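Residues per chain, in single letters:
Number of protein chains: 4
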Amino acid sequence: MPRRRAPKTAPRREARQARSRATVEYLLAATAKVLVREGYDRASTNRIAEVAGVNIASLYQYFPSKEALVARVFERYLARLDDALTTCLARIAEAPLWPGLEALLRTFFSLHDDDPALHRALLVHVPQIDRVNPMLALRERMTGALTAYFVQRRGSLRSTDPALAAHLVVTCAEAIKQRAVLEDARLLHQERFVSEVLELVRRYVVARPVSAARARGRPATSGGSRASRRR
Amino acid sequence: MPRRRAPKTAPRREARQARSRATVEYLLAATAKVLVREGYDRASTNRIAEVAGVNIASLYQYFPSKEALVARVFERYLARLDDALTTCLARIAEAPLWPGLEALLRTFFSLHDDDPALHRALLVHVPQIDRVNPMLALRERMTGALTAYFVQRRGSLRSTDPALAAHLVVTCAEAIKQRAVLEDARLLHQERFVSEVLELVRRYVVARPVSAARARGRPATSGGSRASRRR
Amino acid sequence: MPRRRAPKTAPRREARQARSRATVEYLLAATAKVLVREGYDRASTNRIAEVAGVNIASLYQYFPSKEALVARVFERYLARLDDALTTCLARIAEAPLWPGLEALLRTFFSLHDDDPALHRALLVHVPQIDRVNPMLALRERMTGALTAYFVQRRGSLRSTDPALAAHLVVTCAEAIKQRAVLEDARLLHQERFVSEVLELVRRYVVARPVSAARARGRPATSGGSRASRRR
Amino acid sequence: MPRRRAPKTAPRREARQARSRATVEYLLAATAKVLVREGYDRASTNRIAEVAGVNIASLYQYFPSKEALVARVFERYLARLDDALTTCLARIAEAPLWPGLEALLRTFFSLHDDDPALHRALLVHVPQIDRVNPMLALRERMTGALTAYFVQRRGSLRSTDPALAAHLVVTCAEAIKQRAVLEDARLLHQERFVSEVLELVRRYVVARPVSAARARGRPATSGGSRASRRR
DNA sequence: AATGAATGAGAATTCATTCAT
DNA sequence: GATGAATGAATTCTCATTCAT
Numbered sequence: 001m002p003r004r005r006a007p008k009t010a011p012r013r014e015a016r017q018a019r020s021r022a023t024v025e026y027l028l029a030a031t032a033k034v035l036v037r038e039g040y041d042r043a044s045t046n047r048i049a050e051v052a053g054v055n056i057a058s059l060y061q062y063f064p065s066k067e068a069l070v071a072r073v074f075e076r077y078l079a080r081l082d083d084a085l086t087t088c089l090a091r092i093a094e095a096p097l098w099p100g101l102e103a104l105l106r107t108f109f110s111l112h113d114d115d116p117a118l119h120r121a122l123l124v125h126v127p128q129i130d131r132v133n134p135m136l137a138l139r140e141r142m143t144g145a146l147t148a149y150f151v152q153r154r155g156s157l158r159s160t161d162p163a164l165a166a167h168l169v170v171t172c173a174e175a176i177k178q179r180a181v182l183e184d185a186r187l188l189h190q191e192r193f194v195s196e197v198l199e200l201v202r203r204y205v206v207a208r209p210v211s212a213a214r215a216r217g218r219p220a221t222s223g224g225s226r227a228s229r230r231r
Numbered sequence: 001m002p003r004r005r006a007p008k009t010a011p012r013r014e015a016r017q018a019r020s021r022a023t024v025e026y027l028l029a030a031t032a033k034v035l036v037r038e039g040y041d042r043a044s045t046n047r048i049a050e051v052a053g054v055n056i057a058s059l060y061q062y063f064p065s066k067e068a069l070v071a072r073v074f075e076r077y078l079a080r081l082d083d084a085l086t087t088c089l090a091r092i093a094e095a096p097l098w099p100g101l102e103a104l105l106r107t108f109f110s111l112h113d114d115d116p117a118l119h120r121a122l123l124v125h126v127p128q129i130d131r132v133n134p135m136l137a138l139r140e141r142m143t144g145a146l147t148a149y150f151v152q153r154r155g156s157l158r159s160t161d162p163a164l165a166a167h168l169v170v171t172c173a174e175a176i177k178q179r180a181v182l183e184d185a186r187l188l189h190q191e192r193f194v195s196e197v198l199e200l201v202r203r204y205v206v207a208r209p210v211s212a213a214r215a216r217g218r219p220a221t222s223g224g225s226r227a228s229r230r231r
Numbered sequence: 001m002p003r004r005r006a007p008k009t010a011p012r013r014e015a016r017q018a019r020s021r022a023t024v025e026y027l028l029a030a031t032a033k034v035l036v037r038e039g040y041d042r043a044s045t046n047r048i049a050e051v052a053g054v055n056i057a058s059l060y061q062y063f064p065s066k067e068a069l070v071a072r073v074f075e076r077y078l079a080r081l082d083d084a085l086t087t088c089l090a091r092i093a094e095a096p097l098w099p100g101l102e103a104l105l106r107t108f109f110s111l112h113d114d115d116p117a118l119h120r121a122l123l124v125h126v127p128q129i130d131r132v133n134p135m136l137a138l139r140e141r142m143t144g145a146l147t148a149y150f151v152q153r154r155g156s157l158r159s160t161d162p163a164l165a166a167h168l169v170v171t172c173a174e175a176i177k178q179r180a181v182l183e184d185a186r187l188l189h190q191e192r193f194v195s196e197v198l199e200l201v202r203r204y205v206v207a208r209p210v211s212a213a214r215a216r217g218r219p220a221t222s223g224g225s226r227a228s229r230r231r
Numbered sequence: 001m002p003r004r005r006a007p008k009t010a011p012r013r014e015a016r017q018a019r020s021r022a023t024v025e026y027l028l029a030a031t032a033k034v035l036v037r038e039g040y041d042r043a044s045t046n047r048i049a050e051v052a053g054v055n056i057a058s059l060y061q062y063f064p065s066k067e068a069l070v071a072r073v074f075e076r077y078l079a080r081l082d083d084a085l086t087t088c089l090a091r092i093a094e095a096p097l098w099p100g101l102e103a104l105l106r107t108f109f110s111l112h113d114d115d116p117a118l119h120r121a122l123l124v125h126v127p128q129i130d131r132v133n134p135m136l137a138l139r140e141r142m143t144g145a146l147t148a149y150f151v152q153r154r155g156s157l158r159s160t161d162p163a164l165a166a167h168l169v170v171t172c173a174e175a176i177k178q179r180a181v182l183e184d185a186r187l188l189h190q191e192r193f194v195s196e197v198l199e200l201v202r203r204y205v206v207a208r209p210v211s212a213a214r215a216r217g218r219p220a221t222s223g224g225s226r227a228s229r230r231r
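Chains as they are written, first to last, in this note's numbering: chain X, 1 to 231; chain H, 1 to 231; chain V, 1 to 231; chain P, 1 to 231.
A hint or two may mislead.
From chain P, some residues computed to sit far from chain V (all C-beta separations above 10 Å) [claimed, not checked]:
| hint | residue |
| --- | --- |
| 1 | Glu50 |
| 2 | Asn55 |
| 3 | Pro64 |
| 4 | Ala90 |
| 5 | Arg91 |
| 6 | Asp114 |
| 7 | Met135 |
| 8 | Ser156 |
| 9 | His189 |
Calculated pairs, BS3-like style, for lysine-lysine (alpha carbon to alpha carbon, straight line, at most 30 Å) [stated by the list, open to error]:
| hint | chain 1 | residue 1 | chain 2 | residue 2 |
| --- | --- | --- | --- | --- |
| 10 | P | Lys33 | V | Lys33 |
| 11 | X | Lys33 | X | Lys66 |
| 12 | V | Lys66 | X | Lys66 |
| 13 | P | Lys33 | P | Lys66 |
| 14 | V | Lys66 | P | Lys66 |
| 15 | H | Lys66 | X | Lys33 |
| 16 | V | Lys33 | V | Lys66 |
Distance ranges between label pairs, derived from CB positions [unchecked claim]:
| hint | chain 1 | residue 1 | chain 2 | residue 2 | range |
| --- | --- | --- | --- | --- | --- |
| 17 | P | Glu183 | H | Ser20 | 58 to 64 Å |
| 18 | P | Ser195 | V | Asp41 | 37 to 43 Å |
| 19 | X | Gln17 | V | Glu75 | 50 to 56 Å |
| 20 | V | Ser156 | H | Glu50 | 54 to 60 Å |
| 21 | V | Asp41 | X | Gln17 | 33 to 39 Å |
| 22 | H | Gln190 | X | Ala145 | 20 to 26 Å |
| 23 | X | Ala84 | H | His189 | 35 to 41 Å |
| 24 | H | Gln190 | V | Tyr60 | 47 to 53 Å |
| 25 | H | Glu50 | X | Ala185 | 41 to 47 Å |
The hints are simulated quantities; they were obtained by calculation from the structure and are not laboratory data. Please read all numbers here as calculations on a predicted model, not as lab measurements. Glycine included, C-beta positions come from ideal geometry on N, C-alpha and C.
Go ahead and model the full structure; you've got the sequences and the hints to work with.
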């Protein structure tokens, strides 16, 4: 089993024609499937090609390594989340501190269910420090955006260190969601759970905790439907 | 590479004699070393035996699989943390809600540096859902203990769901520490960082946020030295 | 077919017990056989292991690569020649220029027939510039020894550059033998052929070409049987 | 890697049109380049096509195999040498034994530097017994021509076996040049080196070694510029 | 005539694990 | 009880070559 010292992840040849694009799709679908059913370690390139019904050599024409395949699957999986968060960030650009942040968190928590099993597999099996790990990139982008968001609302922010606050909020929110996905994804649909998490964040972030009544006012722009459900 | 479907982890034979015990020590030390230097995937039993200077057949006399070796290393690595937390829990058995919890958290954050590289390797490479993962066990025990702790102090607890509160506190604390270990272990020594984290937890946990002055009173029993350093 | 960038040739583990030594022998024999029958390119490690009746993994326990196997076979094959030449060099240490050189050349030409097919395969298929090529080493040693031999007999040497003379003599002798092995190994047994070659060398090396009669006097110490056969 | 048992080398289709011819040129240039830079083994048809900027299927439209490509490159590389030797042979058709032979050898030694790296790659990596190896063909032609040349000058020839003499001369000359190309191509430009080699041949070939003065007379027709440099 | 795509076959190498002494 | 040796089963990755459009 000759292992590459530094697994390459750059795409090899781009699929242009319809047929090859289909091949790539089969491969990615098979990767997800194998990842879910057999785990990262057992997901060999041969197995993936077999499940995809694609020749192993074709696999290597489009992906230079197993890592590249998994990274691509991961990226795709995160793309929706990325889009949703980016959209939400735009929407709350003018919102006050808390309603905006609440909307962002609700968006984050609500978008988890494309394929929970795949989500689990990706979280658990993909080594987390990999520079390629697209979740790291997303996390960093989010931390940056949130820091900027906090800086612009310094007046309402309790902490004097917006970057640190953003770091902690992102870390906690991600961890809470991650554990829920791994252990019981339904939690993320339960308003009892979600609002408890929101409370945790709000009390940390917002400068002078407003009265509970005001705090529970509807979030700025998004997640409204969900927010109203609470009551 | 014939992979066992269900990796065994039970110890095979008690190493009672001195020589046997030495062999086991060599093996565990080698496992840690290889894990750190080459990562989980590259840590083969052959390699470990070689580094340990132990015959591969002897390795299998004491450990039924690679997983068993790694699990044992992990357990050992967590043993100190486990001890410290258990001790601390005993000490704060009678303490009020916050000082006790602060002491517990400080203990948790301060005990991270036996071998950061090993810590990193274990965190990153060992699949996290593994039933064998001793960190899951520790986490569950801690969540249970904290739930009990909260139940006993219901009056001071803000949340009406002690179990959920414990879950969130454990999840966040673990995630924050884990990220620090992976990215910059020195953070856990910086009072600015630690007290920000404590603030996050305190505001969530404690019923009526006491004034800052009272909140910063010294913790109940342990972590005192560190706490006193603050002022 | 993941190819090593720099093929390793250092031996891996030495075979100590009788059983493993036998395994190594089988492997080397199989390497020679496959080399002869199928050529260097077709001689895969899998094929060699199969022919040897040895598990492929065992092969890799003793040899880190195909190159290492071939190099070992080559070394062994050259060992006899090396020995014979070294012995002869000792014998002619005190001999005059020509008889000594003739003895050396006769030794060189006569020792070719352990396994002509293997010889052919080695000559043809093993890339010649490979630093590992043991023939290069032998050639260099011989050139050095011959240079020293010439220096000590400067008076009788026609050329004023012993190193260059040695270089040319070694080059030509090797090439002539090599071509004979490749095309018609019997030539090396025909005195007509051999003495023509000797004449070529003698006329180049010896200062004042002695008369043919004297030149054909018996060589100093070795190769005598063969030499006497001539007349 | 499905290897043909008997690699075909016949050209598949005449490249009559301009574009086709250009394609062929690109392919041959790429073959040479890859051969030099990566060696024979690594020179895959895919790689060659890629470097040539030619579709792999087009490659197979003009060359039936990798061997055919390499053989064609080899032929081209030898064509100049072949031409030069043929021309020289014509020129010395009426020359006396030695001056003619000297001219031929000087021509042979002087024509080596089109692309030493390619020369080296071809010498080292192309299996030498290959029936396709164009150097064998050239060598045979030269040996034949030289035999005829010797036969016509029997009177001046020392040996009584012109064919054997030609064989030895060709073998030695080729070997000397080959080693020079592999180890230090500049040697072939140094008159000290070349004239030593010439001396070796002259003493073997010419019946009654003429005096040094006469032997160094200018060669018959070609290589004169170089020869004149000597004095 | 050219090209994008596909592929069967196989090469090198390693792993986890068990035997026989 | 320790050790040298052995091994079945994978794994990654490439090659020469052919199709289908």
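**OP:** Return the numbers of the hints above that this structure violates; sort them in rising order.
**Re:** 10
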